[in-house]
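Novice: Each protein sequence line maps, in turn, to chains A and B.
First residue of the first sequence? That's -16 in this note's numbering, and the numbers climb one at a time after it.
First residue of the second sequence? That's 340 in this note's numbering, and the numbers climb one at a time after it.
Hints should not be assumed to be uniformly reliable.
To list a few chain B residues with every Cβ distance to chain A over 10 Å, as calculated [claimed, not checked]: (1) Ala340; (2) Asn380; (3) Asn394; (4) Leu395; (5) Gly401; (6) Asn407; (7) Lys408; (8) Ser409; (9) Ser412; (10) His414; (11) Val422; (12) Ser423; (13) Arg441; (14) Pro455.
Chain A regions said to be covered by chain B (calculated; three or more residues, Cβ under 8 Å) [as the list claims (entries may be wrong)]: (15) 29 to 41; (16) 84 to 95.
Hint data in this document are derived by calculation from the structure and do not stem from the laboratory.
Every residue gets a Cβ at the ideal spot worked out from N, C-alpha and C, and that includes glycine.
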Amino acid sequence: SQTIHQWPATLVQPVGSPLSLECTVEGTSNPNLYWYRQAAGRGLQLLFYSVGIGQISSEVPQNLSASRPQDRQFILSSKKLLLSDSGFYLCAWTRRSVFSTDTQYFGPGTRLTVL
Amino acid sequence: AQSVAQPEDQVNVAEGNPLTVKCTYSVSGNPYLFWYVQYPNRGLQFLLKYITGDNLVKGSYGFEAEFNKSQTSFHLKKPSALVSDSALYFCAVRDFYDTGRRALTFGSGTRLQVQP
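Produce the complete structure using the sequences and hints provided.
Specialist: Listed below in structure tokens is the structure:
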């Protein structure tokens, strides 16, 4: 079966510091990968998605960037954190197939607090 | 552009009573519809999805959802609520034509509170 991991689970960082959040998926190959941010325990905003190694699409302009150095690894980064970057970051994956009906599965999330 | 509306911020129901969490959607093509549940400080768990066929979809933990094309709705239901069902529920949609990105558009979430 497939599993998705995220770390760290929680992170407290000062404003202006760098950020690196990691997501890995096990048990599948060539997944589509996604980063979402959830603010104030409510709606999810899609930040980035990737359909393959080195292929990153950004959904919203912001202070963050993403990379996919390996097939099942997705990294969210920032060079200098802002207060507004605080939130709950969720990684997700979808099987890549000819069908767009596939379910999206989420990781456990990372709670980021920027002080 | 696709969108999802969850008109209720919170739904309160007594344990043992039926529950409904409402969701309406807007897409340009045929919709693929999903329900997820989120417990505090956890990721989203998949409950059920509608792709095509029977308008009544059954999912995990006794939940079901009814697809209504004319009303563009996909309401989540359960015949008898449990206190452990208390959580945040998200409705999401993907457009049939989105074969590349395959991202989901989420509603704002509805908090379900089941009182003992």
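Novice: Would you mind marking each hint as holding or not holding in the structure?
Specialist: These are the hints, each one checked on the structure:
At roughly 13 Å from the closest C-beta of chain A, the C-beta of B/Ala340 stays outside 10 Å, upholding its exclusion from the interface. With a least CB separation of 7 Å from chain A, B/Asn380 falls inside the 10 Å interface cut-off, contrary to its annotation. Distance to chain A confirms B/Asn394 as a non-interface residue, since its nearest Cβ pair spans about 16 Å, more than 10 Å. For B/Leu395, the non-interface assignment is confirmed: its Cβ lies about 18 Å from the closest Cβ of chain A, beyond the 10 Å cut-off.
At the 10 Å boundary, the C-beta of B/Gly401 stays outside the reach of chain A, the nearest C-beta of that chain being 19 Å off. Even its closest Cβ contact with chain A, about 19 Å, leaves B/Asn407 beyond 10 Å, as expected for a residue assigned away from the interface. No Cβ of chain A comes within 10 Å of the Cβ of B/Lys408; the nearest lies about 17 Å off, and the non-interface call holds. Here B/Ser409 stays apart from chain A, with its beta-carbon at least about 22 Å from theirs, past the 10 Å limit.
Distance check on B/Ser412: its Cβ is at least 19 Å (rounded) from any Cβ of chain A, clearing the 10 Å threshold; non-interface status holds. Interface exclusion of B/His414 from chain A stands, the closest Cβ pair being 19 Å apart, more than 10 Å. The non-interface label for B/Val422 is consistent with chain A: the shortest C-beta to C-beta separation is roughly 20 Å, beyond 10 Å. Residue-level check passed: B/Ser423 sits 19 Å from the nearest beta carbon of chain A, beyond 10 Å.
The non-interface label for B/Arg441 is inconsistent with chain A: the shortest C-beta to C-beta separation is roughly 5 Å, within 10 Å. With a least CB separation of 23 Å from chain A, B/Pro455 remains clear of the 10 Å interface cut-off, as annotated. Using a Cβ-Cβ cut-off of 8 Å, 4 residues of the stretch 29 to 41 of chain A lie near chain B, which meets the minimum of three, so the contact claim holds. Beta-carbon proximity to chain B at under 8 Å applies to 10 residues in the stretch 84 to 95 of chain A; the threshold of 3 is reached and the given coverage holds.
When each numbered hint is compared with the structure, violations occur for hints 2 and 13.
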